[in-house]
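Engineer: Protein chains in written order, with the UniProt record's numbering: chain D, 1 to 409; chain Y, 1 to 409; chain B, 1 to 409; chain H, 1 to 409.
Don't read these hints as lab results, they were simulated from the structure.
Remember, it's a predicted structure, so these values are computed and weren't measured experimentally.
Careful: at least some of the hints might be erroneous.
On the chain Y side, residues computed to face chain B include the following (Cβ under 8 Å) [said to hold, decoys possible]: (1) G272; (2) D300; (3) A303; (4) L306; (5) S325; (6) L331; (7) L334; (8) K337; (9) L395; (10) R396; (11) I400; (12) N402.
Calculated from the model, a selection of chain Y residues having no Cβ within reach of chain H, i.e. all distances over 10 Å [said to hold, decoys possible]: (13) L25; (14) Q42; (15) E45; (16) I58; (17) R176; (18) V183; (19) D199; (20) E230; (21) K231; (22) A245; (23) S368; (24) A386; (25) G388.
Don't be surprised by glycine CBs; every beta carbon is placed ideally from N, CA and C.
Protein chains: 4
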Amino acid sequence: MSDAPKKVVLAYSGGLDTSIILKWLQTEYGCEVITFTADLGQGEELDPARKKAEMLGIRPENIHIEDLREEFVRDFVFPMFRANAVYEGCYLLGTSIARPLISKRLVEIAQEHGADAIAHGATGKGNDQVRFEIAAYALDPAIKVIAPWREWDLTSRTRLLEFAEANQIPIAKDKRGEAPFSVDANLLHTSSEGKVLEDPGEEAPDYVYQRTVHPEDAPDQPEFIEITFEKGDPVAINGEAMSAATVLTALNEYGRRHGIGRLDLVENRFVGMKSRGVYETPGGTILLEAHRGIEQITLDRGAGHLKDQIMPQYAELIYNGFWFSPEREMLQALIDKSQEHVTGTVRLKLYKGLARTVARHSEHSLYSEAHVTFEDDAGAYDQKDAAGFIRLNALRLKLIGNRNARIKP
Amino acid sequence: MSDAPKKVVLAYSGGLDTSIILKWLQTEYGCEVITFTADLGQGEELDPARKKAEMLGIRPENIHIEDLREEFVRDFVFPMFRANAVYEGCYLLGTSIARPLISKRLVEIAQEHGADAIAHGATGKGNDQVRFEIAAYALDPAIKVIAPWREWDLTSRTRLLEFAEANQIPIAKDKRGEAPFSVDANLLHTSSEGKVLEDPGEEAPDYVYQRTVHPEDAPDQPEFIEITFEKGDPVAINGEAMSAATVLTALNEYGRRHGIGRLDLVENRFVGMKSRGVYETPGGTILLEAHRGIEQITLDRGAGHLKDQIMPQYAELIYNGFWFSPEREMLQALIDKSQEHVTGTVRLKLYKGLARTVARHSEHSLYSEAHVTFEDDAGAYDQKDAAGFIRLNALRLKLIGNRNARIKP
Amino acid sequence: MSDAPKKVVLAYSGGLDTSIILKWLQTEYGCEVITFTADLGQGEELDPARKKAEMLGIRPENIHIEDLREEFVRDFVFPMFRANAVYEGCYLLGTSIARPLISKRLVEIAQEHGADAIAHGATGKGNDQVRFEIAAYALDPAIKVIAPWREWDLTSRTRLLEFAEANQIPIAKDKRGEAPFSVDANLLHTSSEGKVLEDPGEEAPDYVYQRTVHPEDAPDQPEFIEITFEKGDPVAINGEAMSAATVLTALNEYGRRHGIGRLDLVENRFVGMKSRGVYETPGGTILLEAHRGIEQITLDRGAGHLKDQIMPQYAELIYNGFWFSPEREMLQALIDKSQEHVTGTVRLKLYKGLARTVARHSEHSLYSEAHVTFEDDAGAYDQKDAAGFIRLNALRLKLIGNRNARIKP
Amino acid sequence: MSDAPKKVVLAYSGGLDTSIILKWLQTEYGCEVITFTADLGQGEELDPARKKAEMLGIRPENIHIEDLREEFVRDFVFPMFRANAVYEGCYLLGTSIARPLISKRLVEIAQEHGADAIAHGATGKGNDQVRFEIAAYALDPAIKVIAPWREWDLTSRTRLLEFAEANQIPIAKDKRGEAPFSVDANLLHTSSEGKVLEDPGEEAPDYVYQRTVHPEDAPDQPEFIEITFEKGDPVAINGEAMSAATVLTALNEYGRRHGIGRLDLVENRFVGMKSRGVYETPGGTILLEAHRGIEQITLDRGAGHLKDQIMPQYAELIYNGFWFSPEREMLQALIDKSQEHVTGTVRLKLYKGLARTVARHSEHSLYSEAHVTFEDDAGAYDQKDAAGFIRLNALRLKLIGNRNARIKP
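Using the sequences provided together with the hints, build the complete structure.
Structural biologist: And the structure:
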């Protein structure tokens, strides 16, 4: 097959499914396979992935294992949080935002190795295939993408296991049966979907939640924390400066302890169907609340309303996989421009599943007690101005009223 | 003064401030005063308002006391909730949505009585003056509006009390001192602002919250309820059909008990300044979560995303006082069109300040387990379609990639 | 092939290409073919299509020929013009708006005949396949769509002609060679693309324009016409009431004579590539100018700006083929709501390629000479109101100025 | 009057009206007056303004006369044209875009001189007062603004002339009577409004147009020109490089000669009323057409549609006077980001009032003949991809169709 890939970079987790893919690529296409395994904070050891790859015959120089946590948070998560991005009113985009970075590294590694293709383990029904591939095509228009789940005939659990056994791929005991749901995790969130979650009319079982304690089990006393922002990004917790990934890791621990960031959602996939997911975004949920809190005093109304207005579109672009698109970059330029003064500290109360802003302070504050006070304002504001303001705002409506009276005799 | 009002309809609460206004209108303008007192669910008896008005010399036929709760919820609150409207990411618009109805009745009563003016007790710094007046001008372009707080010289507490005493207006003991904050309430929410809340860097004192228990004092066991919607509006709780105002009253009680719906916010007023408010919207917060929940399965993606996109603008229009404007009505037509199938039942978990959707069911559901399942889907969806879908979605980005490669040699 | 169509409704023009498709459907699938030929104002006789279909063996009861001009203009073109819809700043959507109606009739005829499929002659590179098919799937989710150009191996002109000859399909002499460009026409417009137009750096040859005289050849004297609107739709020209299709036909003649409505455009197709087209929309161009003219005096600012804001999205939906989608219907509800008072008469000057509004009159006008006049306005407007209006509009910017001065010492 | 200005910078044209204002400021407030006269390309000599100011007693060091044409075009006009900004579908914002620059210089000169106020000659009914003052307040929150037309009692022509005579202000003969309409001009446009134009149902008299020949008098032969862009701005005409102001001046001459850029419009003022204006924007109209032409081949669809979507809001901000606002700057960041590759050359045909793009060329072109061709495309595009693309785009609509069939038995 002239179109067959010769050298493929595979997004490799070390788990059973991507090990099968690895082998399938070798047998189906006879191509050289390069593995790429990234630490995005999913909370798994990476060493086993190296050993597994070696065992499957990958040469050491073809095994790439990288800790991308700082880059992930600094260049993807934080820019997105500057926008207060939520998809469909609720979802913090934890899976969506990780995909472009993985594709970027896949393509870069392919270019280093002179590989002509990349491969991923996402299915043909989901969003992740779209995100991986659109990002890859944007970064290298000539790259081939192999998506085995859309191609092969290993369409049942039984056939997958047969293939694994026939190819000496070790199968962990707990992988013999089917998982009751499937999971994706990174430093920002854990998502669960499928199987036991497929009926949106049934409450998700408790055991689905893995990253946060049940609010009922959270401490009976609230905890207060202070998050400090500089130009829209969190840089310190309770006064202690931290790197990007460290801030998010710390917020995850606060959130986990207090049962914060759980979401049970039916969402609309880009491929056209609805799906039900359970998300846990402990640190991200706290961060969103805090970022809104600091914007409340540092962001002008015009800037804030413009951000609110374009946010759904920005979130949709990320959800649909268009991180590396001109329009996402244009919106990012708009958002980043707004964050110049989003600097200051927010105090939050964490309690039983909720993170609430209770106070905020900033040298860059636009809040003017002199203007708003019910007390004597020493001339900061002339209440009589309001009469003219109202009359001219109402003028066009008065003209409508006059017109309507005139034509309805 | 030829421009002086001859007959004025006053929005009259029966409290000290509007009683002073009543007297001031009589003395300043020598005009006839008609009082209008509405029950919007603020939780106060209206009989005292009648007695107080009579005592201040208002003739019985000039005293209007009305229970507007059903109209308020049915024609204002529920249409707004169809839009999932929140202002600046957080505020459920509890005060904003009540003002147009009050203005509507003020203008209608003025027309019945041949009055040439209306009057209200809102200050010159806030949003409410704008909302009252824009609505009034839209409904009757010729109406005069008297806003005593922008006109008179009773600019200190001392002078107000002196005026009251000089005019035999009774002063309740607890009104001698100044309230530590000011309150507005109706069936949808209670808002508190001013005085002790003026420093947004200070946490709001516990005693500010009046309508909900502290989450820490809420039951240690979660409670589950089911809300049934028809065409976007809630019509039953736990299977029991209820009128509009009754649904909201019942949800308020659930919310109160579980400490749900508290918000501490710095917001941007239409008149140009930032202000800090504490809001309690117990039933509304539950309703918003439930409405989003039922939309998740009954609303198409295109419809839902369009609603998300125009929502901030719709909320801003209500916040700014433009309920009776063509553009609000146009947006309402768009929103209402989307709600035809928003019918079904949502199950929520209420616990310690949080209301979370845990399940939803609808005959109108667009969720297709056949399409989304990880299991065999019997041909509902051909995964190979995704390849073409992705490639054509990526095509323009590939062309950009090619262009960029071409011009950067 | 179990998936093969049994009975197919074909969008049939009577031309060579769709005659080949007809035969190919019969031979490839052995299926019964029903033809549908619509008069959308493309300016061709339909009788030959009937004869041709009969000659190709279609039974008389399977031949559908319909005059859809009134429905086309009334239910598709005019609703779209209420929105002042233009795609990418220029294109009046003449082809896009015709496709949904054709699909609607194809699906309805399929249902009448118990057919399981429809077929069209659009290629795999263009927008029309998308428009035909999305509309069809929306109206009948179970329908099959056959798009021969994406399936067959008749991929060159030579092979097409061989197939035609082998199947006794008559070939008109002027169809032996390849056309220098391809054309689509209906009552709203004529579009030309391909071949001689493929280089956007080359000016389109004069002979491409077929529907309008060259502006240089248009009359040396301008002509003035008056168009009367009711609720946003044109109902009379120069005082003479006309049906929808008759109005558009008359405007086309005015436009043709004065060389109005030519457009040379490079546009972005939904499938991801850019294409260059030449459009002639004589009547539509006049209509758009006139509709804007009548809206200028009858539409409120809030309504008009909201329409302007959502227009690009509405146009994109139509361009991309989503006429029968919830979001298009929601936007239509918004637009139609705005047109209640768009009633009145516009006077236009037509001259050498340009249609310009020169005067407008309406009983529903919101224009108030009393307010705008430089002369004495008898108190309609108090100029002092403007000071307060400006000061409160500027307040937030002043607070920014103060903040910036404070933090930059 | 403690609030009275001590030193005022006046926007001074040298004409009768601003000379009266100058004198009135001196007599009313007894303040020192500094004059500022700018050449924005309005086509008037500035020397007379100096002499007039001197004659009215202004000290030489208090007279500022500046040629701002390059700054005006480079920093205001061109950034705006990058957005293809038009207000209400038609107006190229020629007056709006000049005001912020004048305010900027007024404020800067005030700061140099330690002046506490600025003054302008705009009336209390128009947009210009808003634009001048919002810009001034944004740049210097402490500045006072004197708007004599809102303050004084010189409310009739007779009284103005009396004041002029009483104060030895020379009155040109042609200023004795009232002008039949009022004019504003700069390098971008000339606007005319008032008096003879106040009835929008009457065609504007020919003599109103001053800057362009009547299309009927324009050359009978079309003229072709080529405009070259770099990053969204025009830099050369017919291959000849020019400065910003020189390009616009040259385009104005082309436009003037061919009668291009006339507009008769009823627009919505920010202060709430409709007004009728006649605009002539010869060079700007050509520039807008050309900029759209070059964007057609160099701008990606996602980028272009996002620009189209936010354009009305951007234009409204400029129209309303919010050039110096965070949201305008945010939108500018978005727009500028899009223009990186908007580089190339557009060929236009100018004839009898129309400027039409007929060809475009760019090294940065995204147009791919290989993809779009009807001929063999050598595998650039696989038409079969379209089937999957369409099916997944239609999937949600199919699910709606299924739902609707299910619930309507």
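Engineer: So, for every hint listed, does it hold in this structure?
Structural biologist: Here is how each hint holds up against the structure:
Taken as an interface hint, G272/Y checks out: its beta carbon lies about 3 Å from the nearest beta carbon of chain B, inside 8 Å. Of the supplied interface hints, the one on D300/Y holds, with its beta-carbon coming within about 5 Å of a beta-carbon of chain B, less than 8 Å. Because the closest C-beta pair between A303/Y and chain B is about 4 Å apart, less than 8 Å, the hint holds. Below 8 Å, beta-carbon pairs count as interface contacts, and L306/Y has one with chain B at about 4 Å; its hint therefore holds.
The beta carbon of S325/Y is positioned within 8 Å of a beta carbon in chain B (closest approach about 5 Å), and the interface hint is therefore held. Using the Cβ-Cβ criterion of 8 Å, the hint placing L331/Y at the interface with chain B is satisfied: the shortest such distance is roughly 7 Å. A cut of 8 Å between beta carbons decides the hint on L334/Y: the least distance to chain B is about 4 Å, and the hint holds. The criterion of a C-beta within 8 Å of any C-beta in chain B is met by K337/Y, whose closest approach is roughly 4 Å, and the hint holds.
Because the closest C-beta pair between L395/Y and chain B is about 3 Å apart, less than 8 Å, the hint holds. Here the hint on R396/Y is kept, as its CB sits about 5 Å from the closest CB of chain B, short of 8 Å. Proximity of I400/Y to chain B is violated relative to the hint, the smallest CB-CB distance being about 11 Å (cut-off 8 Å). The interface hint given for N402/Y is violated, since its Cβ lies 12 Å from the closest Cβ of chain B, which is over the 8 Å cut-off.
L25/Y, annotated as away from the interface, keeps every beta carbon of chain H farther than 10 Å; the closest lies near 28 Å. No beta-carbon of chain H is positioned within 10 Å of the beta-carbon of Q42/Y; the least distance is around 33 Å. Separation of E45/Y from chain H is adequate, the least Cβ-Cβ distance of about 41 Å exceeding the 10 Å criterion. Look at I58/Y: its CB is around 36 Å from the nearest CB on chain H, clear of 10 Å, so calling it non-interface holds up.
Its beta-carbon lying about 36 Å from the closest one in chain H, R176/Y satisfies the requirement of being farther than 10 Å from that chain. A cut-off of 10 Å between C-beta atoms confirms that V183/Y is not in contact with chain H; the least separation is 33 Å. Annotated as non-interface, D199/Y keeps its C-beta farther than 10 Å from every C-beta of chain H; the closest such distance is 22 Å. The beta carbon of E230/Y sits about 13 Å from the closest Cβ of chain H, which is more than 10 Å, so the claim that it is off the interface holds.
Distance check on K231/Y: its Cβ is at least 13 Å (rounded) from any Cβ of chain H, clearing the 10 Å threshold; non-interface status holds. Against chain H, the non-interface label of A245/Y holds: every CB pair exceeds 10 Å, the least being about 29 Å. For S368/Y, the non-interface assignment is contradicted: its Cβ lies about 6 Å from the closest Cβ of chain H, within the 10 Å cut-off. Under the 10 Å C-beta cut-off, the non-interface status given to A386/Y relative to chain H is violated; the minimum distance is some 6 Å.
Distance check for G388/Y against chain H: the nearest CB is about 3 Å away, which does not clear 10 Å, and the non-interface claim fails.
In this structure, the earlier hints numbered 11, 12, 23, 24 and 25 are contradicted, and the remaining ones agree with it.
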